[in-house]
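> Based on the hints, put chain B in the right spot on chain A.
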Amino acid sequence: MQILVCIKQIPDMEMEFNLDRDSGWLDTPSNPEYKMNAFDEYAVEEALRIKQEFPDTEICVVTVGPQRSREVLQRALGMGADQGIHIQQENHTSSSQAAELIGGNLQDKYFDLILTGAMSEDNMQGLLPPLLAERLQLPVLNGVVQLEIQADTVRIKRELEGGYSEKFQVSLPAVLSLQSGINTPRYPALSKLLKAKQAEFETFNPEEPKTGEKLHCLQKPRQIRKGLWLEGDISSKAEQLFKILKQKNVLSL
Amino acid sequence: MTQKTIILAEEINQEINPVTFELIDLAGKLAPSEDPEIVYPTHTDTDRAKQLAEKTGLRVTRLKIQGSRGYNPETYKQAMQTYLEQKRFTYLLAANNTRNRDYIPALAHRLGNSCISQISGIKQSENKICFLSPMFAGKYEALLEPETGSAFLLAQPGSFQANPPLFETVGEVVEQTYAGKPKFIHSQGMEHDQEESEDLKKAQVVVSAGRGINEQDNLELIKRTATLFNKGSMACSRPICDMGWLDYKYQVGETGATVTPEVYMACGISGSMQHISGMSRSQLIVAVNKDPGASIFNHADICIQEDAASFLETFLEVCS
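As they're listed, the protein sequences go chains A and B. In terms of the numbering used here, the first sequence is numbered consecutively and its last residue is 256. In terms of the numbering used here, the second sequence is numbered consecutively and its last residue is 1569.
If we strip away everything but chain A, and leave its shape as in the complex, we get:
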């Protein structure tokens, strides 16, 4: 079977960002670090798991982004994916733009299954799977925690909020977004990673699509509770917290 996995390169969230007040956007640090969106690793791993069961499976990974985002295609190939597609975009793309770019450029290709992570750690919208499915006229389900391919259908269990789950049978082709924790993503194998560095990726250079919403700027999140910052060294902070909790009468000491 043919599987497409949508993956994304994102900035390492542990980097020190600087918000540029004029542009309303983040300054790129002098030594920027990027990585594969952690949620997407589950999607690549799940495709590999299906390939173990059905060895004639071919796994294609696709990413939207600048030249550097080929690193995540290489990483996915290092994990065991077969081929990569790079849709070049210099600017930051929204979920709806990514859906249009992937859906538009890959519409002549056939995939039995399209897998995605739950969301990207930078945009955090979780809108790519439904928007991509709508473009391709395919069924879609979010939050998948178990999946089992049976001939031309897939049986899935997916997680809802508050400890509920529900099961569906979906006919293929279909788009599934996977919940984190569905599997344990493997590390890329060094030998495959080295080979991936030489890999050729099919590349598209489309224009930036229009978007339905304008991102004016970023801001620091609002302070919801009036946070009191404890000062001093670590022992002093521990003692201050001890006093606060003692006053609350919750300690069993």
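Do not rely on the hints blindly, as some may be mistaken.
[To be verified] With beta-carbon atoms standing in for the labels, derived distance ranges:
no., chain 1, residue 1, chain 2, residue 2, range
1, A, K251, B, D1448, 14 to 22 Å
2, A, Q222, B, Q1453, 33 to 41 Å
3, A, M18, B, Q1330, 38 to 46 Å
4, A, N21, B, L1565, 46 to 54 Å
5, A, S174, B, M1492, 28 to 36 Å
6, A, N21, B, Q1330, 39 to 47 Å
7, A, S174, B, L1565, 51 to 59 Å
8, A, G107, B, V1423, 35 to 43 Å
FYI, nobody ran anything at the bench for these hints, they're computed from the structure. Where a beta carbon is used, it is the ideal one built from N, C-alpha and C, also for glycine.
Just chain B, lined up with the frame of chain A:
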């Protein structure tokens, strides 16, 4: 008929989902002078429509969806499309949850509209309204402005006020039926499979671990800290369960337990909206994180910038 805002109501545990009232609060902020209208799509025979009309005083359309056993995103999408095509509206408000994300964004696209999810607030300036939505792991929030005729907005539960206003009048209830057969997706039932831990349910103090605890062995510090309290329990954020370090029954957040203890100690938790919605109503929130930019600090009463494991070690010494 013109209607400025349409609210998608839903039920949970045979009750009106409280987030429906939050959406009414949001609608009031968006269009203070106009009453929103509620649409309540359902495949069940239970009827919350009357209850909704009584509690809110608003006009409720009960959209009865026939033809599928259980919730089915295909039939819900078709039914909602049929309903919305008869309406003129500026905003469709729905809760940001797994089911709504199945079909609301696609419907927005199909009807030529934009969709913004995970909305946690609004910012009004001059004559435009921007919606706040977290970005970059919640370290920043984006100001997004829809540029289409109507916008479909998925609001993050817990972000708006859920106190239902009292109305003296009862809203009108309208019934519409939609019959359609799903082509691709067949429902095979719903389950409640994650009972939260008994200790966690009863806890007065919750000591909760996040990825910033760094090593599985450090969970011992969380457990030992929880024993310092009269009714203490350990808990964690989702990544800890995903890594297999703790069972999902200890998970606090959207897909796990919602807790309201007297004290919630978030240790090494970055503070995603999904986690916040499970603990934001705790009385006192203490956050320990070595990253001063972690968004958990925006939701904390007491902020401690330290490595979580080192701090707990020191705290345990102080308490002994």
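> Next, verify each hint and record whether it holds.
Now the hints, each set against the structure:
Taking the beta carbon of each, A/K251 and B/D1448 are about 19 Å apart, inside 14 to 22 Å as hinted. Under the hint 33 to 41 Å, the C-beta atoms of A/Q222 and B/Q1453, about 36 Å apart, fit the expected range. A hinted range of 38 to 46 Å holds for the C-beta pair A/M18 and B/Q1330, which are about 42 Å apart. Our hint of 46 to 54 Å for A/N21 and B/L1565 is violated, since their Cβ atoms are close to 37 Å apart.
Evaluation of the 28 to 36 Å hint for A/S174 and B/M1492 yields a pass: the beta carbon distance comes to about 34 Å. Between A/N21 and B/Q1330 the C-beta distance comes to about 44 Å, which sits within the given range of 39 to 47 Å. Remark: the range hint 51 to 59 Å for A/S174 to B/L1565 is upheld by a beta-carbon distance near 55 Å. The hinted window of 35 to 43 Å between A/G107 and B/V1423 holds, with their beta carbons roughly 40 Å apart.
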